[in-house]
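Enquirer: Protein chains in written order, with my numbering: chain A, 1 to 342; chain B, 1 to 342.
The hints are simulated quantities; they were obtained by calculation from the structure and are not laboratory data.
Keep in mind that the hints are not guaranteed to be accurate.
No copy labels: a pair is met if it fits in one copy or bridges any two.
[To be verified] Straight-line alpha carbon distances no greater than 20 angstroms define the calculated SDA-like cross-link-like pairs of lysine to any residue that follow:
#  : residue 1 : residue 2
1  : LYS144    : THR43
2  : LYS9      : SER311
3  : LYS260    : ASN179
4  : LYS59     : PRO132
5  : LYS144    : PRO24
6  : LYS144    : GLY297
7  : LYS144    : ILE39
8  : LYS118    : ARG16
9  : LYS14     : ALA101
10 : LYS38     : ALA147
11 : LYS9      : PHE104
12 : LYS117    : ALA17
13 : LYS110    : GLY10
14 : LYS9      : ASP103
15 : LYS144    : VAL27
Number of protein chains: 2
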Amino acid sequence: MDLRRIGEKGVIDKLRALAPHFHPEVVAGIGEDCGVIKIDESTLMLVTTDMLMEGVHFKLDMITPYQLGRRVLSVNLSDIAAMGGWPTYAFLSLGLTDSIAVDFLDEVIKGFHSVAKKYEVSLVGGDTISSPYSLVIGVVILGKSEAGKVVYRSGAQAGDIVCVTGFLGDAVAGLEMLNRNMDVPDIRDYLLKAHLDPAPQLEIGAALAKSGMIHAMIDVSDGIASDLWHICEESNVGAKLFKELIPISEPCKKLAHILKTTPLEWALKGGEDYKLLFTVPKKHKTELKDFLQGELGEKFFEVGEIVEGNSVWLINDQGEENISGKGFDHFAAEPGAKGAKV
Amino acid sequence: MDLRRIGEKGVIDKLRALAPHFHPEVVAGIGEDCGVIKIDESTLMLVTTDMLMEGVHFKLDMITPYQLGRRVLSVNLSDIAAMGGWPTYAFLSLGLTDSIAVDFLDEVIKGFHSVAKKYEVSLVGGDTISSPYSLVIGVVILGKSEAGKVVYRSGAQAGDIVCVTGFLGDAVAGLEMLNRNMDVPDIRDYLLKAHLDPAPQLEIGAALAKSGMIHAMIDVSDGIASDLWHICEESNVGAKLFKELIPISEPCKKLAHILKTTPLEWALKGGEDYKLLFTVPKKHKTELKDFLQGELGEKFFEVGEIVEGNSVWLINDQGEENISGKGFDHFAAEPGAKGAKV
Chain A
1 MDLRRIGEKG
11 VIDKLRALAP
21 HFHPEVVAGI
31 GEDCGVIKID
41 ESTLMLVTTD
51 MLMEGVHFKL
61 DMITPYQLGR
71 RVLSVNLSDI
81 AAMGGWPTYA
91 FLSLGLTDSI
101 AVDFLDEVIK
111 GFHSVAKKYE
121 VSLVGGDTIS
131 SPYSLVIGVV
141 ILGKSEAGKV
151 VYRSGAQAGD
161 IVCVTGFLGD
171 AVAGLEMLNR
181 NMDVPDIRDY
191 LLKAHLDPAP
201 QLEIGAALAK
211 SGMIHAMIDV
221 SDGIASDLWH
231 ICEESNVGAK
241 LFKELIPISE
251 PCKKLAHILK
261 TTPLEWALKG
271 GEDYKLLFTV
281 PKKHKTELKD
291 FLQGELGEKF
301 FEVGEIVEGN
311 SVWLINDQGE
321 ENISGKGFDH
331 FAAEPGAKGA
341 KV
Chain B
1 MDLRRIGEKG
11 VIDKLRALAP
21 HFHPEVVAGI
31 GEDCGVIKID
41 ESTLMLVTTD
51 MLMEGVHFKL
61 DMITPYQLGR
71 RVLSVNLSDI
81 AAMGGWPTYA
91 FLSLGLTDSI
101 AVDFLDEVIK
111 GFHSVAKKYE
121 VSLVGGDTIS
131 SPYSLVIGVV
141 ILGKSEAGKV
151 VYRSGAQAGD
161 IVCVTGFLGD
171 AVAGLEMLNR
181 NMDVPDIRDY
191 LLKAHLDPAP
201 QLEIGAALAK
211 SGMIHAMIDV
221 SDGIASDLWH
231 ICEESNVGAK
241 LFKELIPISE
251 PCKKLAHILK
261 TTPLEWALKG
271 GEDYKLLFTV
281 PKKHKTELKD
291 FLQGELGEKF
301 FEVGEIVEGN
311 SVWLINDQGE
321 ENISGKGFDH
331 FAAEPGAKGA
341 KV
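Given only the sequences and the hints, what does the whole structure look like? Please build it.
Expert: Right, here's the structure in full:
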């Protein structure tokens with residue numbers, strides 16, 4: 001039987017079923033954005049690891065080595081943001097092919113360093129190997145959080161509203177521009193940055209966690225349809241997404257118009273936007289908006305609600321469509337370009 | 001300029017030069033087997049990460065998936081052993097190709113679990129992606145140690161004796177048997193196990209650290225010539241290795257005899273034996289032997305001594321040979337099959 005038969009979730013379930021647990025300090029593990037380990041009564045450690053592969057997660061003719069170095073760290077930091085934590089230490093593993101030049105490596109390291117410096121993340125170690133086929137980059141991030149402040153995928157409750165912290169679809173729009181070698185001057189820089197150099201929303205994630213008001217959170221890495229479903233699976237609930245509420249930027253709409261397509265698919269299934277998707281009880285919505293505005297001058301968009309059940313429904317004028325898990329699945333038959341945090 | 005010009009050490013030096021340090025809790029980082037982070041006054045956390053790649057670290061026609069699962073965890077645990085720590089948590093990243101079947105994955109996970117269970121290591125998380133060319137496995141281990149008990153590569157002093165905790169060369173001998181599809185019944189199982197299923201020397205490493213007598217330690221993953229040089233580089237010393245003292249097993253000698261070669265090269269440069277190499281002041285040698293015998297019933301072999309300078313010399317009847325760094329270097333012109341812990 002091949003892996004397509006069981007899909008990513010099947011692989012993850014296998015790991016979870018066999019995952020030995022000998023330590024009561026493990027607060028959360030497989031199924032969340034980070035492993036969560038109790039350090040002492042007031043402190044939790046968050047750990048996340050990701051492997052990024054040339055040809056799967058990035059193409060070297062589309063991203064500069066400096067951008068690549070920034071990106072591999074940023075997307076890992078996003079997993080820490082997704083739980084409301086703050087990063088502290090990083091480990092970098094490099095599987096380098098023969099064609100990698102010293103200048104290239106220098107630029108990757110400089111890019112990595114530029115993000116590490118911004119968030120004061122210490123590079124503590126790593127590993128270098130020779131890779132015969134393609135560049136592979138492994139990143140491990142350790143982070144921390146106050147006990148009781150970590151936000152899990154598993155906390156959503158029926159009646160919560162579903163919110164997202166920024167526009168969706170921009171990263172895929174940027175990728176479309178690159179794939180088509182297009183240049184639309186007034187939207188180019190914005191969309192390419194969304195794809196090549198996404199910023200982890202660490203401050204927003206930490207503020208949302210600090211508020212104590214939100215129930216569940218995840219970062220949008222596989223597309224909101226898929227990531228909201230992850231929340232639903234872990235929380236044992238369903239969700240409704242309202243089509244007209246999905247926030248799409250003007251540049252994204254403009255590119256979709258030029259390409260005679262709709263940006264909705266990009267926003268729903270495109271992924272890699274690295275915005276935060278969270279749920280909050282209705283009664284706290286206004287208070288949370290005021291809080292986030294006051295703390296950071298940031299806002300969020302309400303896009304749906306958590307309901308009983310176990311499916312994600314897209315609500316539009318024509319009715320309801322079940323879009324559960326309609327994002328990238330690497331081991332499913334449909335083509336994908338990413339992986340799954342287990 | 002290509003990476004062969006700067007070698008593994010050059011890559012590592014680049015990472016080290018740019019490694020940002022914002023946290024005084026980082027006790028040791030790049031250059032050691034593990035990153036070492038202070039948790040509180042009495043506890044240190046050890047972190048190690050390794051990426052293992054099909055075709056580089058293993059060949060799927062030579063190892064069963066169960067053995068592979070055991071091996072990827074064991075060789076990572078060896079880095080914890082090398083600092084005298086004890087492992088606690090593991091993270092597993094899988095880059096899976098289309099040709100990987102569900103049964104294969106089940107066996108890898110079972111093998112991983114069998115080692116995790118033995119040492120009570122909790123699998124806390126990981127990552128699965130699709131890999132276009134080859135199976136890639138990333139492992140992260142967190143471990144712990146009492147403050148003041150961690151042993152570094154950097155502590156060796158001139159006058160120390162150099163010791164190793166077991167036979168060297170067996171792993172390469174096992175690989176030679178596999179490569180030649182040989183079957184010599186009375187030595188086969190022993191040598192194949194040395195290559196396919198090495199045991200991390202966690203108990204011995206912890207006992208050596210607990211003794212408080214040893215100055216420096218590393219695990220023999222690249223070959224004693226290379227790994228002793230790593231100790232020398234980090235400790236700013238040189239070393240002499242006495243050819244006739246290098247411990248070589250009878251099965252290893254027998255295979256070398258059959259193949260009309262000498263086992264010394266296997267022992268010096270072969271690597272992947274995962275024994276522990278350490279230095280101890282002369283005055284503590286007998287006391288340490290008694291201690292290790294009393295604690296675990298284990299012994300060690302004296303193979304050389306630490307001297308002033310910065311080279312590793314092999315001493316034999318014919319004189320001295322400079323063998324500094326004569327192990328695998330992935331980015332050097334000579335063929336290699338492994339990577340470097342940075």
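Enquirer: Hint by hint, say whether it matches the structure.
Expert: Right, here's what the structure says about each hint:
1. LYS144 <-> THR43: both (7 angstroms within a copy, 17 angstroms between copies)
2. LYS9 <-> SER311: within (15 angstroms within a copy, 52 angstroms between copies)
3. LYS260 <-> ASN179: within (16 angstroms within a copy, 57 angstroms between copies)
4. LYS59 <-> PRO132: Both, since 16 angstroms and 13 angstroms are each at most 20 angstroms.
5. LYS144 <-> PRO24: The answer is both: 18 angstroms in one copy and 15 angstroms across copies each meet 20 angstroms.
6. LYS144 <-> GLY297: Neither. Shortest intra-copy (24 angstroms) and inter-copy (41 angstroms) distances fail the 20 angstroms Cα cut-off.
7. LYS144 <-> ILE39: both (9 angstroms within a copy, 12 angstroms between copies)
8. LYS118 <-> ARG16: between (35 angstroms within a copy, 18 angstroms between copies)
9. LYS14 <-> ALA101: between (39 angstroms within a copy, 13 angstroms between copies)
10. LYS38 <-> ALA147: This pair counts as both: shortest intra-copy Cα distance 8 angstroms, inter-copy 19 angstroms.
11. LYS9 <-> PHE104: between (36 angstroms within a copy, 17 angstroms between copies)
12. LYS117 <-> ALA17: between (38 angstroms within a copy, 14 angstroms between copies)
13. LYS110 <-> GLY10: Close across copies (15 angstroms), not inside one copy (38 angstroms); limit 20 angstroms.
14. LYS9 <-> ASP103: between (39 angstroms within a copy, 16 angstroms between copies)
15. LYS144 <-> VAL27: The answer is both: 13 angstroms in one copy and 18 angstroms across copies each meet 20 angstroms.
Hint compliance for this structure: hint 6 is the single one not met.
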